[in-house]
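Chains as they are written, first to last, in this note's numbering: chain A, 1 to 190; chain B, 1 to 620; chain C, 1 to 509.
Among the hints, erroneous ones may be present.
[Unchecked claim] Chain A regions said to be covered by chain C (calculated; three or more residues, Cβ under 8 Å):
no., segment
1, 43-53
2, 120-129
3, 154-167
[As the list claims (entries may be wrong)] No more than 20 Å apart at the CA atoms, straight line, and that leaves these computed lysine to aspartate or glutamate pairs for EDC-like:
no., chain 1, residue 1, chain 2, residue 2
4, C, Lys185, B, Glu272
5, C, Lys478, C, Asp113
6, A, Lys143, B, Glu272
7, C, Lys130, C, Asp113
8, C, Lys421, A, Glu177
9, B, Lys33, C, Asp181
10, C, Lys352, B, Asp307
11, A, Lys186, B, Asp456
12, B, Lys511, B, Glu402
Bear in mind the hints are in silico, worked out from the structure with no lab data behind them.
The structure presented is a predicted model; accordingly, all values stated were derived computationally and were not measured.
C-beta atoms are modelled at their ideal positions from N, C-alpha and C, and glycine is treated no differently.
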Amino acid sequence: MIDFTRRKVLGVAAGTMASAIGTADLTQPAAADDAADLVLFVKLSAALTGIDAAQLAPPIDPIQIKRAYFRQAKTDPGFESLMQIVRANPADPVGAANKIMNSSNQQIKYLGRSIILAWYLGAWYQPMVLAQTPPPSPVTPLKVISPTAYTQAWAWRVAQAHPMGYSELRFGYWSDEPLPIEDFVKARGA
Amino acid sequence: MRAEKADAFDALIVGSGISGVLMANRLGQANKKVLILEAGQNLPPDINDYMNRFFMATVKVPESPYPPELFSGGKLTDPASLNAGRPTVLSLEAKGRPGDWQDPKQSYLVQDGPLAFGSSYERVNGGTARHWLGTSLRFLPADFEMKSRYGRFTDWPIKYDDLEPWYCEAEKEIGVAGDAEEQNAHLGITFSSPHPMPRIPISRVDMAVDAAVSGLKVPGIGLDKVQWKVSSTPAARNSQPYQDRRVCAGNTNCIPICPIQAKYDPSVTLAEALRTGNVQVWYRCAAAAVVVDGNGRVSGIDYIQFDGDNGPVIRRGRLTAKIYILAGNAIETPRLLLMSKSERTPNGVANRRDHNGVIGKYLMDHPLYLAWALTPQPVWGYRGPLSTAGIEVCRDGEFRRERAAFRIEIGNEGWNFPIGDPDTTTVDLVNGLNDSQLNKDKKALFGPPLVKELNDRLSRQFRLGFLIEQSPDDSNSVALSTTAKDRLGLPRPRISYNLSDYTKQGLPAAKIAATAIFSAMNADQFTLAPDPDDPSSFPSPNDPTTRLKYFGAGHIVGTHRMGASATDSAVNDMQQSWDHENLFLVGSGTFPTVATANPTLTIAALCLRSADHIVRHILT
Amino acid sequence: MRNLRELAIVAVGAAFVCMLNLHAYAQAPISDAAADINPPVANCNLTPDTAPDPHDQSKHVATPIDSKLLTLGQPCHQVVSQKGLSTDALANLQRGFDFYSWLTFIALNSPADGETIGQGPRPGGDAATKWEALSNYRPLAAVMLEKGSEPTWGTRIVPELCKPLDAPGKIILQLGEAAWDQPFKTGPLIDQNGNYALFDILINKPMFDFIDDNGLYSKQGQERFDRDIVFPEGVNPAANTPGRMGAVMLKVSWHILDPSSGKTLMRQFHTADALIYFPGPPATKTGPTCVAKTLGLIGFHVGHKTKFAPQWVWSSFEHVRNAPNEKQVAERDLHPPYTFFNAGCPQCPNNKTPPSPWDPPASLQFHSNHKSQVIRSIIFPDAVAREVDDLNKRFRTLLKGTVWENYMLITTQWPSDAQSKTDCNGAPMPTFLANTTLETYSQGQVPLASSSCMACHGNATTRHVPAIASDFTFVHEKAQCESDFCGSPAASKSTAGTKRCGLGGGMPQ
């Protein structure tokens with residue numbers, strides 16, 4: 001049996017090292033050329049994750065986690081090529097997502113997967129690690145992107161729950177059914 | 001060694017875990033002067049740092065929020081480099097693999113085996129109960145009478161009725177939410193006063209299990225007469241505002257840390273003890289030896305004060321007090337006693353001068369059998385406290401003559417414990433893997449299909465944990481390593497550990513019960529067999545071709561046990577050493593048996609009882 | 001002209017309602033009884049922080065921050081807009097809230113006798129404020145009475161031991177633990193003179209009436225109350241409906257002004273002559289006793305329940321001399337003297353809780369020579385900090401020459417997604433907020449652990465089984481028991497009306 005809880009971290013450098021509190025100001029506006037890319041990145045992320053853009057990055061957004069993931073993805077060598085596909089299809093992010101996720105270019109394809117996992121788990125799984133054959137078992141992330149990223153992670157919300165350690169609900173909620181999945185992943189009024 | 005001013009303190013307590021702080025608080029409230037020595041980090045004004053460390057941990061083991069750092073330079077921190085190290089569940093891996101359980105450069109405990117001792121603890125303000133689940137069950141009357149009733153092990157020197165009023169005290173002191181009537185109905189235990197708070201509501205997972213086990217029959221394991229039923233678990237978790245702490249908001253994070261302190265942890269009592277003005281704590285001070293004088297009384301404790309996790313020694317000294325209370329958990333307390341060898345104490349302190357002392361012996365845990373399944377309809381795990389209910393009806397019966405009993409803890413956290421979900425299944429579905437066993441076709445998904453499949457899997461996950469009563473065996477022991485030391489030069493604990501046949505028989509019984517429960521729920525079981533080299537596994541006694549795996553429950557028990565006489569125990573029922581009148585050894589180390597209930601409430605009850613005795617009769 | 005302006009602002013307000021596409025928040029329609037609890041008020045301040053440029057409707061211009069603002073009263077709800085001085089909707093909304101906070105601060109701290117703020121008879125134009133008048137606000141200790149007795153609005157309760165010290169104009173500050181120990185027992189705050197800082201909580205009449213009418217002033221009353229706790233909302237007047245103030249709660253912090261501090265210092269603070277009552281155990285270790293002290297206001301939290309902020313709007317102000325922020329300390333940009341910081345020791349450990357024991361003696365002097373060394377952590381985005389600094393400069397200039405020029409807004413926390421189904425806290429913006437005098441020891445940016453008005457208050461409940469969310473206030477926890485025995489509350493027989501947010505269909509257990 002794979003001992004997940006333990007092996008998961010042991011291949012990783014600085015796995016549980018405390019990170020400095022007070023990370024970069026996420027709500028700073030992006031540089032001018034980044035601003036347009038950021039909009040496309042969010043649209044792409046919606047197509048990749050299956051979660052509406054208005055949920056990933058609401059129009060009024062105190063947290064702006066999209067910036068953290070954008071910045072993280074930008075550090076990857078495949079990022080520019082991936083963005084080119086999106087820029088070429090600005091009105092069709094689903095099409096761009098398809099191209100990316102089925103790309104014969106491993107850099108692009110696995111970066112797409114890393115981006116999904118960033119949104120879903122708040123952690124950065126390096127594309128080259130995801131691409132390994134045979135894959136490591138289990139796969140480990142390079143790092144948790146930030147405490148905020150962990151609390152905004154979508155896997156838990158797709159479970160109709162919340163990240164362990166971060167509840168926005170009230171006493172006794174667990175005796176009742178959660179809201180339907182649509183309330184978590186679809187834009188309100190959609 | 002210049003002793004600090006004699007009689008400056010009424011009590012010197014080693015350890016600021018739950019035992020130490022409960023004792024300190026009671027003594028402080030009674031105007032006694034108390035000094036606590038704590039090897040770990042000081043009480044912080046808030047939990048920002050702990051929560052930050054937790055959020056950033058890539059694997060959220062129970063130790064993950066607390067210092068000292070688990071990792072240095074990409075590897076497990078070498079315990080020899082730490083002034084006050086502690087074990088971690090990350091160093092329970094097979095030989096030769098990262099986290100090798102027998103590599104002293106990775107494992108704080110030197111494990112001789114043959115099986116791995118699976119529990120970890122903290123050395124930090126508030127102690128290990130910083131990361132406990134909160135489960136506050138009382139022992140059953142039968143638990144105190146294993147010898148009389150079932151011809152097994154030993155009786156406790158006290159009975160349930162002796163401890164009952166102290167259980168009430170403990171439930172008030174730490175704030176337990178529970179339903180005494182429900183406990184009574186299913187376990188036949190009596191409560192002379194109800195819990196201070198009403199029970200925590202049960203979860204959807206609990207309801208699904210309860211619906212299925214109604215009318216269940218599980219033959220073959222001595223539980224034929226049992227009426228299977230789910231009962232809510234009494235817990236030190238606020239269902240009302242209590243002690244100026246908020247009610248539970250279902251953060252599902254009790255282990256390792258409640259972000260809003262709705263779960264009691266000993267820092268609450270530590271703060272209260274400090275408020276009396278009669279209690280001091282010296283942090284980063286490790287007790288190095290207990291000193292005994294010619295009259296057989298403890299005359300001091302030598303300590304080493306140091307700077308930070310791996311900084312230099314600042315000073316050494318000896319402290320004196322009227323009485324001494326060792327509250328360092330059932331591994332660190334025997335370690336200290338065994339380190340205290342001298343002419344007067346050739347086998348260590350409190351360990352008799354002949355070779356019949358029991359210090360370090362009868363080490364016990366609850367080997368935990370984990371089983372997990374996928375329900376046909378969503379039960380929506382990952383919500384609510386980590387556990388809100390369990391099955392308690394299987395904890396007692398004639399079968400205890402033959403095999404270890406267990407209680408069943410129902411988990412609300414999906415498959416987080418068994419496979420580290422939701423991460424594992426999410427990565428599976430995105431990257432086309434099947435580590436979770438939930439992606440047989442190794443599909444790699446994105447977009448709406450990913451949402452649909454992931455939601456389907458996660459919402460139907462749940463797990464059961466069976467806490468199995470380990471027998472007290474004198475071969476399971478804590479000794480001192482002759483080679484491995486900590487940064488202070490003190491020998492680290494050396495563990496010999498095995499499961500007796502009696503204990504081992506608890507696991508196949510648990511497996512049968514798990515399978516029956518899952519079957520009654522129409523749930524598909526996914527429990528995996530362990531790897532052959534897993535040091536926490538063994539061939540099933542009933543079928544050597546099957547291997548069974550156990551986890552440590554974090555319940556370290558038995559190594560300075562109480563008894564009716566000095567012949568085969570270290571302390572009396574007030575946790576007072578037979579050998580040294582002014583020495584108390586408190587905590588779960590005094591338990592002669594571990595039974596099936598989580599130990600913390602019983603620890604608290606015993607400590608409050610001892611503290612009362614000390615105030616009335618000893619420190620008058 | 002005022003009427004036209006009012007109309008324009010109402011129109012903006014209505015447009016804003018449309019922009020947010022709000023549907024009615026699930027709440028009982030205002031009945032006669034509710035109307036009594038939340039009566040119409042005549043003078044809601046409708047001033048927005050910006051208005052469309054008359055020459056170019058696509059642009060917005062800042063409302064001038066001039067003396068007109070000093071007499072327009074208190075906003076009954078926040079008038080904010082996604083349109084404003086910036087292209088960033090979030091920034092515009094934030095400025096709107098911060099402007100609203102200043103108007104609120106000015107209105108509440110205006111003299112109780114109706115005079116204009118800063119034109120009172122005391123040094124620095126100081127005067128007893130509106131919120132210190134028992135006709136407007138009531139301290140919590142005078143609401144949650146012994147034996148859970150019903151409180152009476154407006155009455156002045158003078159404890160026996162305070163009577164010899166009493167005189168007109170004195171305020172009674174009754175101590176419990178919350179009056180000197182920060183939330184969740186994180187510790188007392190000790191100023192550079194070694195005195196304890198003191199805290200008080202006050203509620204306005206609509207909030208009081210909700211508690212009173214529903215019997216929530218006793219533990220048993222809370223156990224019996226089976227419906228949702230929904231405090232009345234503030235709303236500005238619209239075409240056919242009057243304005244109503246809604247529930248407002250205050251948390252204020254004081255420091256003890258040493259008589260030797262002299263007139264200069266008195267001029268810098270709003271002051272109150274207080275009788276500080278120690279009830280004795282169990283409420284206070286010391287006492288019963290009563291001491292007279294002159295207090296200076298150092299911190300001011302306002303929570304206002306409004307129609308478009310069911311999670312309330314949270315404003316926090318501090319005295320400018322409390323403490324430097326971490327940037328100022330790093331850059332040695334210090335302006336002593338500070339009340340809670342020794343500029344002579346900038347590297348001294350900061351934000352550390354005092355050594356135990358903590359319970360204050362009657363002298364209110366800390367037992368050791370520990371003095372709190374406080375630094376304000378920077379916990380919200382720079383863009384917000386710059387906008388708040390700008391507003392502070394302008395409002396403080398407006399109040400120049402009065403004690404009130406010495407107060408500054410920290411910022412305002414508000415629900416950016418008040419209608420969220422999945423987030424019961426309504427996505428607070430900014431995520432974190434702390435007042436160095438009131439949340440000294442929990443400043444930071446760690447989710448849930450660090451201070452956030454809404455994340456913390458969202459967990460408040462009443463004493464009911466099962467625990468009912470108490471609409472973002474902890475005041476209910478201070479209710480006392482009607483009888484001598486007050487064990488574990490009995491389970492409610494009915495769960496009717498106990499709506500809980502974030503939940504789907506299916507009956508509760």
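So, going through the hints one by one against the coordinates:
1. With 0 residues having a Cβ less than 8 Å from any Cβ of chain C, the segment 43-53 of chain A misses the three-residue criterion, and the hint is violated.
2. With a cut-off of 8 Å between beta carbons, the segment 120-129 of chain A has 0 residues touching chain C; three or more are needed, and the interface restraint is violated.
3. Counting residues of the segment 154-167 of chain A whose CB lies closer than 8 Å to any CB of chain C gives 3, which reaches the minimum of 3, so the coverage claim holds.
4. Restraint check: the Cα-Cα separation between C/Lys185 and B/Glu272 comes to about 9 Å, which is no more than 20 Å; the hinted pair holds.
5. At roughly 31 Å between alpha-carbon atoms, C/Lys478 and C/Asp113 are farther apart than 20 Å, so this suggested pair is violated.
6. Between the alpha carbons of A/Lys143 and B/Glu272 the distance comes to roughly 38 Å, so the proposed pair goes past 20 Å and is violated.
7. Simply put, C/Lys130 and C/Asp113 have alpha-carbon atoms about 8 Å apart, close enough for the 20 Å limit, and the pair holds.
8. With a C-alpha separation of about 14 Å, the suggested pairing of C/Lys421 with A/Glu177 holds against the 20 Å cut-off.
9. About 24 Å separates the Cα atoms of B/Lys33 and C/Asp181, which puts this hinted pair outside 20 Å; it is violated.
10. Restraint check for C/Lys352 and B/Asp307: satisfied, since their Cα atoms lie roughly 19 Å apart, inside the 20 Å limit.
11. Distance hint between A/Lys186 and B/Asp456 is fulfilled; the C-alpha atoms sit about 17 Å from each other, no more than 20 Å.
12. With a CA separation close to 17 Å, the supplied pair B/Lys511 and B/Glu402 stays within the 20 Å bound.
The structure does not agree with the numbered hints 1, 2, 5, 6, 9 stated previously, though it agrees with the rest.
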